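Numbering (the working numbering), first residue to last: 3 to 252.
What the hints contain is simulated information worked out from the structure, not anything from laboratory work.
Predicted, not measured: the structure shown is a model, and the values here were computed from it.
Be aware that a few hints might be false.
[Stated by the list, open to error] Straight line, CA to CA, 25 Å or less: simulated DSS-like cross-link-like pairs of lysine-lysine:
id, residue 1, residue 2
1, Lys-139, Lys-92
2, Lys-73, Lys-98
3, Lys-167, Lys-88
4, Lys-98, Lys-167
5, Lys-92, Lys-73
6, Lys-138, Lys-92
7, Lys-98, Lys-88
8, Lys-112, Lys-70
9, Lys-98, Lys-139
10, Lys-98, Lys-138
11, Lys-88, Lys-139
12, Lys-247, Lys-183
13, Lys-138, Lys-167
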Amino acid sequence: MADTTRPNSKVTAAIVIIVLAAAFAAILITLRISSSKQPRTITVSGHAVRTGSPDIAYVTLSVVTRAKTAKDASSQNTVRSNNVIKALTKNGVAPKDIRTINYNLGEWVKYDRNYNPIRLGSELSNLLRVTVRDLKKVSRLIDVAVGAGATNITGVQFSIEDEHKLADLALSTAVSNARRKANAIAETLGVRVGQPVSVQELTDTEPYQYRMEKAAVPDSAPVPAREMPQLMPGTMRAEAEVTVKFQITH
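Required output: the full structure, derived from the provided sequences and hints.
Laid out in structure tokens, this is it:
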């Protein structure tokens, strides 16, 4: 009988080599296809600043009263606060635009030469926030509030009621600037800009705020109305920064 072991072994080895070669070739083809599917991109940044005129103001004021007893301090504060609210509504401020944001009753204290506290009675502070929709009336309304019994004006902030509109405008302009940059780069490279792959943004809107203080007057003394300087609202500024990655097409 003839010995067929050696030829069969050679055939088997050849088959194994062919299979391995085919598998290796398939792996290479897969890697090349996978590599070719990686999108080519251009990453650019876009920046924009837009400004707008304020159309609303927020005035923060307080009514502070002091007395020997908490009851007297509260009674005095109620009268004075109501006078301020009545004066403001009489001059065109809607009741819904007057809001209490802090109401605090505490000790009325002064300090001697050695900084030791001396209790004199009770102090009540009623902090109000007034929304002013006619900017021409801001100074006048502050004068009215002080004349009616407000003891401190702690802040005046000018803003845009729909401030998102200004921020969105800046953001839209920044994105347009980013695409313009991408198109310029692509034209130089002889390619075209496709769809955006990713976007990152940073938007900042800055309100304009005045800070002013008026010393508290004695509780029993009337507060005379006084002429206020014209407050200038200026402009608001919204700044947007975006980073956009665009796909490159032929």
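Right, here's what the structure says about each hint:
1. Proximity of Lys-139 to Lys-92 is assessed by CA-CA distance (about 13 Å); at most 25 Å being required, the pair is judged to hold.
2. Of the pairs offered as hints, the one joining Lys-73 and Lys-98 is violated, with about 28 Å between alpha carbons and a cut-off of 25 Å exceeded.
3. At most 25 Å may separate the alpha-carbon atoms for a hinted pair to count; Lys-167 and Lys-88 exceed this at roughly 34 Å.
4. Our distance criterion of 25 Å between C-alpha atoms is met by Lys-98 and Lys-167, whose separation comes to about 24 Å.
5. Restraint check: the Cα-Cα separation between Lys-92 and Lys-73 comes to about 28 Å, which exceeds 25 Å; the hinted pair is violated.
6. For the given pair, Lys-138 sits about 16 Å from Lys-92 by alpha-carbon distance, which is consistent with the 25 Å threshold.
7. With a CA separation close to 13 Å, the supplied pair Lys-98 and Lys-88 stays within the 25 Å bound.
8. Our distance criterion of 25 Å between C-alpha atoms is met by Lys-112 and Lys-70, whose separation comes to about 13 Å.
9. Straight-line distance between C-alpha atoms of Lys-98 and Lys-139 comes to about 17 Å, which keeps the hinted pair within the 25 Å bound.
10. Taken as a hint, the Lys-98 and Lys-138 pair is honoured in the structure, with Cα atoms around 20 Å apart against an allowance of 25 Å.
11. Between Lys-88 and Lys-139 the alpha-carbon distance is near 16 Å, which keeps this suggested pair within the 25 Å criterion.
12. Between Lys-247 and Lys-183, the direct Cα distance comes to roughly 11 Å. Compliance with the 25 Å bound is thereby established for this hinted pair.
13. For the hint linking Lys-138 to Lys-167, the alpha-carbon distance of about 23 Å falls within 25 Å, and the restraint holds.
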